[in-house]
Amino acid sequence: MTRIPLSLSINGQTHEVLAETHRTLLDVLRTDLGLVGTKENCLEAECGVCTVLVEGVAVNACILLAAQCQGRAIVTIEGLAAPGQLHPLQQAFIDHGAVQCGYCIPGMILAAKAYLDESPEPDEYGVREALAGNLCRCTGYQRVIEAVLSAARALRASPTPASPETAS
Amino acid sequence: MTQATRIVGRSVPRMDAPGKVTGTALYAADFALPGMLYGKVLRSHEPHARLVRIDTGRAARLPGVRAVITAADVPDVRYGGSVKDERVFARERIRFAGQPLAAVAATSLDAATAALAAIEVVSTPLAPVLDVAAALSPGAPLVHEAWAIYTALPILHRAGNVCNRARIVVGDLERGFVEADRIFENRFTTSSVHQGYTEPRAAVAQWDSSGLVTVWSNTQLPFEIQTTLAEILQIPASKVRIIVPGIGGGFGGKLRIGMEHFAALLAMRTGRPVKVMTTSEEELTAAYARQPAIVEVKTGVTNDGRLTAREARLWFDTGAFAGSGPGVASVATLMLAGPYRIPNLLLEGFAVYTNKTNFGSFRAPSGPQANFAVESQMDIIADALGLDPLELRLKNIVREGEEGPTGQVLTAVGLEECLRRAANAIGWRERRPEAGRGKGIACGWWTTTGGSSGVYIKVNPDGTIALNTGAAEIGTAALTGAAQVLAEDLGVQLTDISVVSADTLSTPFDFGAQGSRTAFAVGNACRAAVADLKRQILALASKHLGVEEHTLALREGSVAGEGKRATLAELARISQASGGGLIAHGTFVAPPTAYDAKRVEGHVYPAFHSPSFHAHAVDLSVDAQTGEITIHRYVVAQDVGFAVNPSAIEGQIEGGVAQGLGQALSEEIVYDSGRVLNANLTDYKMPTALDVPRVESILVEHPSLVGPFGAKGVGEPPNIEPPAAIANAVASATGVRITSLPITAEKVALARSACAP
Amino acid sequence: MSFDYHEPTSLREAIELGARFGGDGRFLAGGTDLMVQIHRGRVDPRHVISLQRVPGLEAIAGDGTISIGARVTHRRLERAPDFQGALRGLIEGARVVGGHQVRNVATVGGNIVNASPAADVVVVLLALDARLTCLGPAGERTPALDGFATAPGVTGLGPGELLTRASFPRLAPRSATAFLKTGRRRAMEISIACVAARLTLDADLERCQDVRVALGAVGPTAMRARAAEQYLEGRALTDAAMLEAGQIAAAECRPIGDVRASARYRALLVATLVPRVLARCLERVRPEIS
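Protein chains in written order, with the working numbering: chain A, 1 to 168; chain B, 1 to 757; chain C, 1 to 290.
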């Protein structure tokens with residue numbers, strides 16, 4: 001199996017990786033780069049736990065080849081806020097009891113962020129629809145929806161300046 | 001709630017949320033060690049076969065492959081819960097499609113996958129026993145020919161393909177049916193459903209030079225896994241250490257041994273750490289999903305709606321190994337009685353072997369299946385007698401101080417309040433607001449599983465607290481709840497407490513995160529530990545401050561009395577310097593619940609401890625042509641005893657209902673000739689955010705005598721009533737009664753078109 | 001198994017690679033089909049040819065004829081301003097596919113070439129009389145979408161050929177489109193049955209001048225309900241007529257039973273969804289009357 005050199009931009013930092021061509025972005029993130037905040041489960045784009053942002057757009061990292069990602073700005077949950085700080089979405093998830101086992105949460109938060117970036121005044125249906133690709137087995141989605149709506153209000157009140165990590 | 005409390009009873013944010021929202025919380029699936037190898041399991045394609053030969057030579061020589069093991073490489077041990085009928089790998093007989101045959105460890109997952117493909121299996125297919133009916137038919141092949149010589153709990157009633165028959169007998173059944181004006185006989189079936197946790201089962205094992213193996217895994221029961229793994233490896237339990245870094249959902253599917261034995265055996269063989277993780281396909285074919293069930297209920301009732309007798313049987317397809325089956329069959333009998341006063345009972349639960357995966361425990365095991373049957377029948381009865389389903393239930397539900405089906409005395413019975421408040425909230429007076437729309441109600445009861453829990457509490461030099469517990473946090477916030485109890489009793493803030501958990505070597509024994517017991521038992525263990533700690537604190541303060549102990553009080557992190565004061569921090573430092581530190585120990589085990597042993601046979605679970613009671617009500621519409629169901633409102637009223645953390649409990653209810661709606665409407669593991677047809681998340685249909693309605697939770701509090709501040713177990717019950725509530729509402733909306741799960745739009749539409757003139 | 005990864009930067013290079021590798025190669029667009037098939041072991045290519053840097057495949061354009069580039073994602077389709085009006089059926093078909101993550105990368109071209117009989121956007125394009133443009137070593141051709149897929153997963157795409165766009169004629173006046181699907185859940189769902197229609201009313205807004213009804217997931221490929229169409233042409237669109245069209249469509253479809261649904265239920269759904277989708281088109285053409 002041939003390994004090719006890849007230059008990946010993750011959370012504003014460049015990582016040089018040597019990886020087989022068939023390796024997915026998810027696999028490289030977790031195994032080569034130790035970024036295990038992005039989770040793995042079905043590996044077939046059915047559950048959403050592997051959601052990352054590629055140029056601000058929510059995608060499933062499990063069906064994206066690492067090789068496809070050169071030159072594209074990728075944001076994972078680790079890059080959502082500076083160390084020690086919380087993005088309003090993260091704070092809202094805590095405050096609204098939207099977290100139970102937590103395994104779906106990184107993907108859920110990033111999917112929500114991508115959605116709020118383009119729909120800053122969402123309604124409940126819009127949030128549900130935006131998160132339909134993120135399965136959660138613990139919460140029944142209710143407090144997740146409330147957290148996202150609350151974060152939307154908070155962001156409208158005081159917009160978060162784009163951090164270097166999240167600027168696409 | 002009549003008590004004035006500072007922290008318990010409040011919806012404080014859970015303690016582990018910040019780690020989870022930042023992606024820094026570690027799960028077993030994330031865990032890795034330097035030099036780690038990757039393991040994979042080869043599973044059989046045949047549901048039933050004689051295993052002739054496994055050739056691993058070619059696989060072992062592939063690049064990157066460091067070990068290939070089969071039954072020949074592991075001790076010849078049969079293990080299991082109530083029946084020791086399981087092996088790590090099939091030896092001479094393959095008993096389900098998906099049964100482990102071999103395992104490999106390699107330097108990459110790709111190399112391990114390639115190795116699996118290179119293992120040659122020679123087997124002779126045998127006629128599979130496909131379901132319960134086949135297993136029980138005369139002359140059926142035996143799934144376990146040697147069943148009679150297996151070690152098993154003596155209390156079980158086993159025969160051939162039946163690995164347990166649990167039974168409850170009360171009163172005089174024949175007379176009870178004679179007394180009835182009407183007798184109703186109905187049959188129901190349910191499908192297997194998977195817990196659907198989003199984190200696959202995973203284990204990383206490493207041996208040290210002393211012969212101790214450490215396994216990091218996402219098990220709900222680290223101490224049980226320690227025992228089982230020791231048995232499998234034939235080493236003392238003290239040589240097995242299980243650590244749970246974090247669990248991404250369990251729901252009972254991570255109770256029994258998962259990947260730990262494969263990881264340990266491969267690590268032993270290779271001398272390197274090995275990680276083994278399941279795929280979605282493995283989860284849907286070879287995990288501990290919920291048993292499919294057949295339920296037959298015969299109930300006698302007077303014309304004015306008084307239940308006089310019930311004869312009911314529930315057959316669980318327990319799969320190729322007994323596993324949880326015998327226990328679940330026992331619990332089922334209590335659920336078949338329902339929370340009702342029925343003086344004459346014959347209730348039986350059967351766990352039956354078939355050639356399918358050994359199904360296991362899934363949130364309220366036996367609950368949804370039994371409740372679907374008996375609560376559907378209650379509505380059938382109400383309809384036939386011209387009675388309001390709510391009134392029929394209120395007439396027959398057990399009351400405070402009355403008996404449960406096995407003779408236990410029921411206390412803190414909050415069921416009437418649950419029923420009335422749920423019915424009120426859903427607008428029960430208008431049960432059919434418009435064409436195609438109807439409301440349904442269902443109620444039930446459940447247990448708070450016993451078993452013991454121990455904790456250590458120590459005071460850090462800065463006055464903060466470390467809580468050391470053997471329990472694993474599976475996502476329910478149970479450990480936050482226990483910490484709330486600790487904080488309340490000790491007079492500290494929740495933010496003062498750090499939790500260390502789930503390490504069989506360094507944390508005290510805990511019976512495990514199962515049966516809705518964790519907050520209850522660990523909370524009570526904390527109360528005991530705090531009592532011990534307070535004694536130590538006051539004794540030390542008395543000595544240090546030179547005043548009598550009885551003049552001192554501990555409040556808000558300080559001990560004060562007679563004008564003198566010392567902070568917890570000061571006392572901790574003093575103790576650390578001169579006494580080894582302020583460390584307290586607390587244990588709790590629920591007192592056994594008295595019951596009438598003459599009423600039960602083959603019964604592993606004869607009483608419900610600190611039982612909870614609950615009622616669900618739903619308002620839905622059914623599309624007249626497609627049969628699609630739209631839920632307008634869903635209400636749950638649950639007697640939680642005392643709500644330690646209302647928001648966390650509501651989260652359990654919301655999630656439990658969502659999961660229950662999956663079983664009710666869209667989820668099923670579909671078998672054909674012993675093989676799963678939909679072993680992927682494309683075709684195993686769990687509810688998405690667009691499928692789950694808002695759930696309105698009403699927390700009812702009839703405090704238990706035993707639980708911390710009166711709390712009862714809360715996690716499992718919300719899974720129980722959704723199928724029956726939906727079935728009853730659909731019947732109300734359409735006149736069509738669906739008696740099998742899931743209640744798909746297809747079933748409703750085709751049933752209606754069959755009824756159409 | 002691993003593969004060689006190629007990222008051509010021109011159409012010509014992409015086709016050249018496709019021709020060179022033949023059956024050993026696969027084009028990669030969004031990956032929502034190919035990557036899943038690789039994961040399930042159904043396909044094992046030696047070469048993967050990513051199209052992400054190939055220009056000229058992403059335009060939504062046109063006046064007389066509207067064309068959708070093969071690499072247009074479902075996300076862009078669902079937001080295309082041009083399709084908000086009479087072509088609304090395209091948006092309805094696009095937005096029910098997968099979830100946001102899938103729609104953000106899954107392409108129209110990939111959907112067509114994957115040839116699932118349940119492909120939602122394909123069903124709408126069928127109702128729009130779409131033609132495809134395929135570019136290969138032998139040059140360019142424009143087969144009709146209807147008949148392009150011959151069996152589940154099988155299309156008329158030749159060796160080395162690349163689908164570059166789908167095109168359809170602009171709608172006549174007094175026309176509207178609509179799309180409906182059903183599944184066992186409301187998202188992340190492969191249709192149990194789906195229906196699209198393009199309806200054109202006559203000048204009096206009473207009768208059907210011209211109609212296309214396309215069905216998905218009820219045959220080996222997405223299909224036109226031709227007998228239903230013939231029934232409707234020239235007829236007044238009463239409730240009874242639309243119901244009858246549904247019955248006819250149900251009789252002419254060829255569903256199978258599988259783990260998702262029985263054949264009988266699929267036929268029932270066709271009988272139900274066809275009148276509903278026609279009624280929706282009717283509403284859109286003459287909102288004041290409906």
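Just so you know, not all the hints are guaranteed correct.
[Claimed, not checked] Here's a subset of chain B near chain A, in silico, CB distances under 7 Å, partners left out: (1) Arg6; (2) Gly248; (3) Thr688.
Bear in mind the hints are in silico, worked out from the structure with no lab data behind them.
Beta carbons are placed, not taken as given, at the ideal position from N, Cα and C, and that holds for glycine.
For this session: Hints the structure violates: just list their numbers, smallest first.
Result: 1
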